[in-house]
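Chains B and Z are the protein sequences, given in the same order. 171 is the number that my numbering gives to position 171 of the first sequence; each next residue is one higher, with no gaps. 24 is the number that my numbering gives to position 24 of the second sequence; each next residue is one higher, with no gaps.
Hints were generated in silico from the structure; no laboratory data involved. All values derive from a computational prediction rather than experimental measurement. Watch out, some of these pointers could steer you wrong.
Copies of the same chain look alike in the list, so a pair counts if it fits in one copy or across any two.
As the list claims (entries may be wrong) - Straight-line C-alpha distance at most 25 angstroms; calculated SDA-like pairs for lysine to any residue: (1) Lys122 <-> Arg104; (2) Lys203 <-> Thr269; (3) Lys203 <-> Arg60; (4) Lys203 <-> Thr9; (5) Lys122 <-> Ala236; (6) Lys98 <-> Ala169; (7) Lys122 <-> Phe262; (8) Lys203 <-> Cys64; (9) Lys98 <-> Thr9; (10) Lys98 <-> Pro52; (11) Lys122 <-> Pro52; (12) Lys203 <-> Arg62; (13) Lys203 <-> Glu38; (14) Lys203 <-> Gly7; (15) Lys122 <-> Leu272; (16) Lys122 <-> Gly170; (17) Lys203 <-> Asp270; (18) Lys203 <-> Arg8; (19) Lys98 <-> Leu57; (20) Lys122 <-> Thr183.
The primary structure of each chain is shown beneath.
Number of protein chains: 2
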Amino acid sequence: MHTGIGGRTRIIALLGVPTVTFKAPLIYNPWFRSRGIECIVAPMGCEAADFPAFLPLLLRLRNCAGALITMPHKVAAAGLLDEAGLAARICGSCNAVKRDGDGRLVGDMFDGEGFVAGLRGKGRSVQGASALVAGSGGVGSAIAAALARAGARRLALFDIDGDACERLAGRLRTHYPDIALETGSNDPQGHDIVVNATPVGMKPGDPLPLDADRIAPGAFVGDVVLAGEETPFLAAARARGCRTQAGIDMVFEQIPAHLEFFGFPAAATDELRRLAELDG
Amino acid sequence: MHTGIGGRTRIIALLGVPTVTFKAPLIYNPWFRSRGIECIVAPMGCEAADFPAFLPLLLRLRNCAGALITMPHKVAAAGLLDEAGLAARICGSCNAVKRDGDGRLVGDMFDGEGFVAGLRGKGRSVQGASALVAGSGGVGSAIAAALARAGARRLALFDIDGDACERLAGRLRTHYPDIALETGSNDPQGHDIVVNATPVGMKPGDPLPLDADRIAPGAFVGDVVLAGEETPFLAAARARGCRTQAGIDMVFEQIPAHLEFFGFPAAATDELRRLAELDG
Chain B
1 MHTGIGGRTR IIALLGVPTV TFKAPLIYNP WFRSRGIECI VAPMGCEAAD
51 FPAFLPLLLR LRNCAGALIT MPHKVAAAGL LDEAGLAARI CGSCNAVKRD
101 GDGRLVGDMF DGEGFVAGLR GKGRSVQGAS ALVAGSGGVG SAIAAALARA
151 GARRLALFDI DGDACERLAG RLRTHYPDIA LETGSNDPQG HDIVVNATPV
201 GMKPGDPLPL DADRIAPGAF VGDVVLAGEE TPFLAAARAR GCRTQAGIDM
251 VFEQIPAHLE FFGFPAAATD ELRRLAELDG
Chain Z
1 MHTGIGGRTR IIALLGVPTV TFKAPLIYNP WFRSRGIECI VAPMGCEAAD
51 FPAFLPLLLR LRNCAGALIT MPHKVAAAGL LDEAGLAARI CGSCNAVKRD
101 GDGRLVGDMF DGEGFVAGLR GKGRSVQGAS ALVAGSGGVG SAIAAALARA
151 GARRLALFDI DGDACERLAG RLRTHYPDIA LETGSNDPQG HDIVVNATPV
201 GMKPGDPLPL DADRIAPGAF VGDVVLAGEE TPFLAAARAR GCRTQAGIDM
251 VFEQIPAHLE FFGFPAAATD ELRRLAELDG
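Make a model of the complete structure from these sequences and hints.
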């Protein structure tokens, strides 16, 4: 059985710590193989302190097609870019970086669009909705920005780092002045869309990130956490009758855009799902 | 078909340029897979100017088991070590690096021992032999040092960079004062062992690295170049009746020692050969 790695293999690095919950290699790599594309997504557990020096050097490798960025590096990555896409500029974070023909670092943020694409695919419109997004880091910022772009009427933002939350609110107000923006409460009551974009739920024994008892049964509940087939938070929401979206859905829904960004043929999400080697 | 790359996968980087002729991934990776070890050897085409900054950061990745070093970085790698093994100290070059428990960079040079192990496996004794080694870079230095250690009587060294050649000769004289050391001629006549340790032969259309017509039919001829199944130089030597050793043999013969260095179970060379996914 051929492993498919040889001297012509290109690399997309997947940068973050911890690496154990990484799912992207199990989705991208079978697809590359099925298409006969000599490229692998390789996990790289980069420490936060090393990231600003490591990323630019990594992207100078002759066979590096780019890097996927995950926690805790998404905000730091945005600060390293020579050119940031619109979503990255609004979010102040970035989850895909490459070098352009002149060697400049170019990046964008695809998490939010992936999240909203998943919602739409499940029949949940964002237009006119009220949403709570817990977590104002890289992925939370992206989801909030994508919800704003998709026509949300009201956005409540919450983070244990109140300053990060206020900064995000400020950036969103600049770009979307008509949206009702609130900060300081993580009460899900009264929201049509409730999102956990914090890391709470990654570790076994974590408390629920939000009070699931106060989520309306008609609300749509999303979680970005990738650990396990269904997080306890989503299980609690589903038990209340809510429709839900798992972190892995957000991953799948943005891959076609990522592949295009890195210069590969675009893939269909259902093709990626069919080929993926996930256990769940 | 499972690609075998996931969140728990460790990486051994294979650093060098160009990457196209890399063979190690096709040998290590099937073996890792057959043993159920979650590790891959991944090619990384690092530019020489980036190498000193990139290597230490790369080895700080939580899931990096170490790095294999190939052209043109073997000499530079030796200069970055906190602790060098005996072979690396003699050669001034290094082809395997890891961090120890204290974060120090530890490395050694296995090319020479691999080359000599291959010679011995083919029935060619080094004790008392006269050898020409063309190329005084990382691999040439390693082969010369290993031939000296194995009891060669006379060593002729040649490099288009005469200073590099003289520096190597000086280091060898210090450690092996009884060997007859010569520099400045690449005439293979009169030698029992003739080695091309230059990159000449990597590119199609390269001239022969040495004058094959002046090699004695009873001589043993080795080449370190990995391009193609048999280099034109080895083909010419074989046509004269010489026994030969290809670059890939040197690669295979040192892998058990590399695996042990990186903390994996040692492998048998014949098991590696049986599993390898080489075309030749």
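Structure-based check of all given hints:
1. Lys122 <-> Arg104: neither (38 angstroms within a copy, 51 angstroms between copies)
2. Lys203 <-> Thr269: neither (28 angstroms within a copy, 42 angstroms between copies)
3. Lys203 <-> Arg60: Answer is between; shortest inter-copy Cα gap is 24 angstroms, intra-copy 34 angstroms.
4. Lys203 <-> Thr9: between (34 angstroms within a copy, 19 angstroms between copies)
5. Lys122 <-> Ala236: within (19 angstroms within a copy, 67 angstroms between copies)
6. Lys98 <-> Ala169: The answer is neither: 28 angstroms in one copy and 45 angstroms across copies each exceed 25 angstroms.
7. Lys122 <-> Phe262: neither (27 angstroms within a copy, 47 angstroms between copies)
8. Lys203 <-> Cys64: between (32 angstroms within a copy, 23 angstroms between copies)
9. Lys98 <-> Thr9: For Lys98 and Thr9, the Cα distance is within 25 angstroms both inside one copy (17 angstroms) and across copies (23 angstroms).
10. Lys98 <-> Pro52: both (14 angstroms within a copy, 22 angstroms between copies)
11. Lys122 <-> Pro52: For Lys122 and Pro52, the Cα distance exceeds 25 angstroms both inside one copy (38 angstroms) and across copies (50 angstroms).
12. Lys203 <-> Arg62: Between copies, since 18 angstroms is at most 25 angstroms while 37 angstroms is not.
13. Lys203 <-> Glu38: between (34 angstroms within a copy, 22 angstroms between copies)
14. Lys203 <-> Gly7: between (38 angstroms within a copy, 15 angstroms between copies)
15. Lys122 <-> Leu272: Result: close within a single copy only, 17 angstroms intra versus 49 angstroms inter.
16. Lys122 <-> Gly170: Cα proximity of Lys122 and Gly170: none, with 30 angstroms in one copy and 73 angstroms across.
17. Lys203 <-> Asp270: Classified as neither; 29 angstroms inside a copy, 43 angstroms across copies.
18. Lys203 <-> Arg8: Between copies only: 16 angstroms across, 38 angstroms inside.
19. Lys98 <-> Leu57: both (11 angstroms within a copy, 19 angstroms between copies)
20. Lys122 <-> Thr183: Result: close neither inside a copy nor across copies, 28 angstroms intra and 75 angstroms inter.
Checked against the numbered hints listed earlier, the structure breaks hints 1, 2, 6, 7, 11, 16, 17 and 20; every other hint is satisfied.
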